[in-house]
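Enquirer: Top to bottom, those sequences are chains L and E.
Under my numbering, the first residue of the first sequence is numbered 8, with each subsequent residue one higher.
Under my numbering, the first residue of the second sequence is numbered 7, with each subsequent residue one higher.
Hints listed in this document are in silico derivations from the structure and should not be mistaken for laboratory results.
Because the structure is a prediction, the values reported are computed rather than measured.
Treat each hint with caution, since some may be false.
To be verified - With a straight-line cut-off of 27 Å between C-alpha atoms, the simulated DSS-like cross-links for lysine-lysine are:
1) L:Lys31 with E:Lys255
2) E:Lys333 with E:Lys299
3) E:Lys255 with L:Lys122
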Amino acid sequence: MDKKILIIEDEPFILETYSRELEKTGYQIDTAVDGTSGLDKSLNQEYDLILLDIMLPEMNGIDILREIKKNEKASKTPVILLTNLGQESVVDEAFKLGAQGYILKINALPTQLVKRVSEFFETGKFNSEDIGFLES
Amino acid sequence: MLHGKLCVYNENYQGMNIKRLLLPLVFWIIAIVVAALLSLNILPINNDLRTMIMAGIVIFGALFHIITLFLAQKAKSAPQMSISNSVFDAIEEGIVIVNADGIVSVTNPAALSILKLTHEEIINQDYRKVIPFFNESGDSLYIGTGNDPYQEVLKTNQSQQLKNLQLYKGEETVYINASFSPFIGANGKVTGVFTLLQDITEEQALEKMKLDFVAMAAHELRTPMTSIRGYLEILINETQDTAKPEHIKLLQHAMLSADRLVNLMNNLLSVSQIERHKLQPNLTPTDIVDLLKTSIQNFKPEAEEKGLMIELVEQKTSTPQVLVDKKLIPQIVDNLIANAISYTTKGSVVVGAAYQPGSKTVVVSVKDTGQGIPVEALPHMFQKFYRVSSLLEQGSKGTGLGLYIAKKLIELHNGRIWVESAEGKGTTFYFSLPIAE
Chain L
8 MDKKILIIED
18 EPFILETYSR
28 ELEKTGYQID
38 TAVDGTSGLD
48 KSLNQEYDLI
58 LLDIMLPEMN
68 GIDILREIKK
78 NEKASKTPVI
88 LLTNLGQESV
98 VDEAFKLGAQ
108 GYILKINALP
118 TQLVKRVSEF
128 FETGKFNSED
138 IGFLES
Chain E
7 MLHGKLCVYN
17 ENYQGMNIKR
27 LLLPLVFWII
37 AIVVAALLSL
47 NILPINNDLR
57 TMIMAGIVIF
67 GALFHIITLF
77 LAQKAKSAPQ
87 MSISNSVFDA
97 IEEGIVIVNA
107 DGIVSVTNPA
117 ALSILKLTHE
127 EIINQDYRKV
137 IPFFNESGDS
147 LYIGTGNDPY
157 QEVLKTNQSQ
167 QLKNLQLYKG
177 EETVYINASF
187 SPFIGANGKV
197 TGVFTLLQDI
207 TEEQALEKMK
217 LDFVAMAAHE
227 LRTPMTSIRG
237 YLEILINETQ
247 DTAKPEHIKL
257 LQHAMLSADR
267 LVNLMNNLLS
277 VSQIERHKLQ
287 PNLTPTDIVD
297 LLKTSIQNFK
307 PEAEEKGLMI
317 ELVEQKTSTP
327 QVLVDKKLIP
337 QIVDNLIANA
347 ISYTTKGSVV
357 VGAAYQPGSK
367 TVVVSVKDTG
377 QGIPVEALPH
387 MFQKFYRVSS
397 LLEQGSKGTG
407 LGLYIAKKLI
417 ELHNGRIWVE
427 SAEGKGTTFY
437 FSLPIAE
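With the hints as constraints, model all of the structure from the sequences given.
Expert: This is how it looks when you write it as structure tokens:
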């Protein structure tokens, strides 16, 4: 349970609820509330997983993902998207860029997020089964 | 809108007008009297003069009649002509008459305004070039058989009405409701197609704004709802041992309300996507029985908690694969099963898939032994926001949109959904899906 997770999310309450539950489980949590510091941490520090929000001020998550994947070291870190949009086109693009999965926040209670993350660390596969349907 | 055949007919029948008859009548009475006097040799006039007077009377009478008839005819048709012209020019609806060869022969000012063309640009042109209609899905109306309303009208002599047609004018889209009727010419035969155009662009813009707003709102609302649900879950979990049980219960009720709100928002967003035609189902051949088994597994805990049996009934013969969007259909099945469990206090929920050899569809059913649906509610079950007002479980998550969404989604699959129910006995929901050929 020594895994280090970076959460890049600008909504403080969402950040707090997810971080708290992940920390309770024993993961080490680092946070960033905007794209710039998020990208900076992603490129310059090592993590076992990055949880990346799509709608961020200044930079959007897809662009950050692109930058991470360009960096040789950082590109090895698995990235899971956090979103409340459910837009199929955005998710498709993220997968094309190399994201491992996505979470529809509105349907993911903190314990559910933790369960999916734990499953991922165990199996290497992320369960992106969403519950709403995606807009094409 | 005009229905049926358009004929040119006389609207100005005025009936007998005594005043009109008076003048010629007076003239002829005088003429007859004078002629009688002359023939009876009462007046002191010689033969030649008498002949001239008689001839003069006849000629003048004839001329008088011709002139009167001419003036009467002109007077009769003038109001008829000017009423038709005025109507033609003044109405808001566009009129376009296309002859049997597909050439635009007549337009009124409104049509030019709606189509954003000048008279020269449209007259004598092929209708397919100057009025390139597209349907709601963005497909041209003139490509593919059976779609072109002009050809249909000429072939069948039946009128057609098409709604939400689109014309693309550069960056703008014009939305039109149109009716197409056989145009009957002066010879009594069908010589073309009469089109009536109604510009509904403004209404469509408002409708789009409304739907876009709902989509935007639904997303914006998700942010605070995410954290509300997150905090409630954390509080319920972390205060298990320290808080009073009744306080935990209150928190759980708050969570149920939050869930219900999330459901409503998700449903509103779905409705908005469906109505903005933003949903393209990804239809792939699927084994429907597998799909049903998964849904049933998901609901086993909930059913068992209520003491209900939930099971799948399989046909002995195999069921062919159906064309299904693997993301959408499970939601419908889940919704129907969730409803069935909600409205049933004892007994069972039975899910089945039936196929009759030779049929083009597989019919899925969700049957419960619950309270049933009152007869007066049955016709409304698939309407937006309709909820049967009966005793619902506390904390029910119903939104009145689930069945409406299910219906729209099934229709996107070219299927049908319907319900049978008996109050006090139970309800069965059915929907059909086309088999994958």
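Enquirer: Need the list of violated hint numbers for this structure, in ascending order.
Expert: none
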